[in-house]
Amino acid sequence: AQTVTQSQPEMSVQEAETVTLSCTYDTSESDYYLFWYKQPPSRQMILVIRQEAYKQQNATENRFSVNFQKAAKSFSLKISDSQLGDAAMYFCAYRSARHDDMRFGAGTRLTVKP
Amino acid sequence: DGGITQSPKYLFRKEGQNVTLSCEQNLNHDAMYWYRQDPGQGLRLIYYSQIVNDFQKGDIAEGYSVSREKKESFPLTVTSAQKNPTAFYLCASSMESGGTTGELFFGEGSRLTVL
Chain A
5 AQTVTQSQPE MSVQEAETVT LSCTYDTSES DYYLFWYKQP PSRQMILVIR QEAYKQQNAT
65 ENRFSVNFQK AAKSFSLKIS DSQLGDAAMY FCAYRSARHD DMRFGAGTRL TVKP
Chain B
152 DGGITQSPKY LFRKEGQNVT LSCEQNLNHD AMYWYRQDPG QGLRLIYYSQ IVNDFQKGDI
212 AEGYSVSREK KESFPLTVTS AQKNPTAFYL CASSMESGGT TGELFFGEGS RLTVL
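Protein chains in written order, with my numbering: chain A, 5 to 118; chain B, 152 to 266.
Incorrect hints may appear among the rest.
Stated by the list, open to error - Quick partial rundown of chain B residues pointing at chain A, CB under 7 Å, derived from the structure:
#1 Leu194
#2 Tyr199
#3 Phe257
These aren't lab readings, by the way, just hints derived from the structure by calculation.
Heads up, the beta-carbon is just placed ideally off N, CA and C, and yes, glycines get one too.
Model the full assembly from the supplied sequences, consistent with the hints where possible.
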């Protein structure tokens with residue numbers, strides 16, 4: 005079974021600075037999707053960014069970008085110019101292209117210091 | 152507006168009682184999912200359904216049951232056999248055709264507390 009590992013239970017960053025959240029995954033498949041979801045205190049899960057495994061170019065969404073290393077099975081999230089509203093739990097997730105279930109890491113709690 | 156509606160948001164249950172959490176979506180999505188969230192453990196899959204009248208067990212299905220009689224609805228019953236049901240429950244859905252990117256859309260969750 006596929007597993008997703010987030011090795012940083014907690015991270016903190018100064019407002020306006022950059023932080024990187026780590027994620028590794030284990031799979032024998034070649035075609036899949038990777039995601040970062042944000043869960044603020046409201047507990048609503050919000051999609052931050054997605055990456056298709058067949059795409060070599062790293063995905064970018066405004067201040068959020070990923071470093072996708074397929075051979076290393078690594079998928080880190082970089083948040084630039086951190087804002088107070090970025091404070092949340094961040095979950096890395098994996099989903100096979102067969103579109104069955106989605107697997108989540110344990111999450112990283114991000115604190116943003118003013 | 153299109154979305155996923157979970158109810159109730161908060162639910163209290165006495166030990167030995169079954170409770171049902173509702174999940175309705177108007178996104179015309181094929182697949183629906185139930186996840187359980189506990190502190191420090193991320194989201195764990197309980198059940199999922201890719202089509203009406205069919206569903207599969209996830210990693211922690213014991214003590215739970217589901218039905219999928221309509222495309223829009225995927226209720227979860229937490230039975231008295233579930234030993235530790237106090238948790239936050241999230242319902243999600245996804246489109247399974249038309250070149251989608253596999254994203255799951257989530258409801259706002261239901262918090263179940265056993266007294």
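**Request:** List, from low to high, the hint numbers that the structure doesn't satisfy.
**Result:** none
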